[in-house]
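Novice: Protein sequence lines correspond, in order, to chains H and U.
If you count by our numbering, then the first sequence holds residues 1 to 114, one letter each, in order.
If you count by our numbering, then the second sequence holds residues 115 to 227, one letter each, in order.
No lab work stands behind these hints, which were simulated from the structure alone.
With a straight-line Cα cutoff of 25 Å, these simulated PhoX-like cross-link-like pairs (lysine-lysine) come out: (1) H:Lys14 to H:Lys64; (2) U:Lys222 to H:Lys41; (3) U:Lys222 to U:Lys192; (4) U:Lys226 to H:Lys41; (5) H:Lys41 to U:Lys192; (6) U:Lys169 to U:Lys184.
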Amino acid sequence: GAVVSQHPSWVICKSGTSVKIECRSLDFQATTMFWYRQFPKQSLMLMATSNEGSKATYEQGVEKDKFLINHASLTLSTLTVTSAHPEDSSFYICSASGPRFGYTFGSGTRLTVV
Amino acid sequence: AQTVTQSQPEMSVQEAETVTLSCTYDTSESDYYLFWYKQPPSRQMILVIRQEAYKQQNATENRFSVNFQKAAKSFSLKISDSQLGDAAMYFCACMDSNYQLIWGAGTKLIIKP
Chain H
1 GAVVSQHPSW VICKSGTSVK IECRSLDFQA TTMFWYRQFP KQSLMLMATS NEGSKATYEQ
61 GVEKDKFLIN HASLTLSTLT VTSAHPEDSS FYICSASGPR FGYTFGSGTR LTVV
Chain U
115 AQTVTQSQPE MSVQEAETVT LSCTYDTSES DYYLFWYKQP PSRQMILVIR QEAYKQQNAT
175 ENRFSVNFQK AAKSFSLKIS DSQLGDAAMY FCACMDSNYQ LIWGAGTKLI IKP
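Isolated chain U, as found in the complex (with noise of 0.2 Å):
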């Protein structure tokens, strides 16, 4: 079965500086997508950033950026210039062969002014 595992249940940073929260997953697929989402308290899901397994390039949006590595099966999130509006849980999915998303347990940031 496939798993997704968030290591950290909460980080904190800086605002203005960088973060980097783990994501670790288990698929026997040869070819997946992989989501980092973000719960703001408004409990909205918002997707923040998409990267499709076969693509050897890290997807990028703006400040945020991800650390996909293929073989370790590891798909870290790095936030830059972290903003106050970043604060939020933030989930790691992977996407199975029916099309369902695996979740994360989720990682909490809270941003400090």
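Looking at chain H on its own, in the form it has when it is part of the complex (with noise of 0.2 Å):
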């Protein structure tokens, strides 16, 4: 089946530093790809959305200069958290959508800025 290649799976990294996490779909052609953010106990925030070779669409509320989103290829979408600040500790992940429709999720980010 469909499978979503995210990682690192965990990350710690000092405050004012940046952070990139990838998700590379291994085994499809993921046209779309969208990056949730998930705190603790709760349900997925959908941050941005993003399509091959196309800006990202954000989602209100979300800064796109912070939260900087790459998908340059078909099988590749990278997420990168700039100048990190211990808010924007939480759970990332990624899931992608095929032309066979359907969503596949990486295994998520685990990012601690401290």
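Could you use the hints to bring the two separately framed chains together as a complex?
Specialist: What follows is the structure, given as structure tokens:
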């Protein structure tokens, strides 16, 4: 079945630094990638939607200059948290949508900013 | 705006018994998809079952089945013969016109041995 590989699974970074999270679709072409943030014991909150080769569409309240999304190919999308601060600590999940219609999720990245 | 409501923050069931998780949704779309996802402690989102709104027949996947009531906009998940491995957060979701998923708040399912 369709697999999305998300790396890293967890990362600790210092306040003010940037962190990049990668999501790769391994056996299908992901025309659309969704990026979510999930707080403990809460549901998924959509941050942005990206389509291959075009700019990402951010949800209201999400700072696009802080959360940079790149979807340069049909198999790779990245989320860069720039100038991270402790309040950016969270669980980030990507989800790819492919031509056969379905949503496949990465395993998530736990980000801790200290 | 589309909404998905899961009114049960937590449910518990005895192992081997049957449990039903509730979900209601609101959409103006005529054709749409509904999903149930499972999120175990590993936090990996796992598709449990999917229902296409134009299909009247309720979807079934082994021990998991849905009761899809389109007019009532209800999409409940029934888990039969509950197993310890079923313990997880369960999220109901509806696809919107932009192919985004609108998520419910989730139901924590506890399996009692």
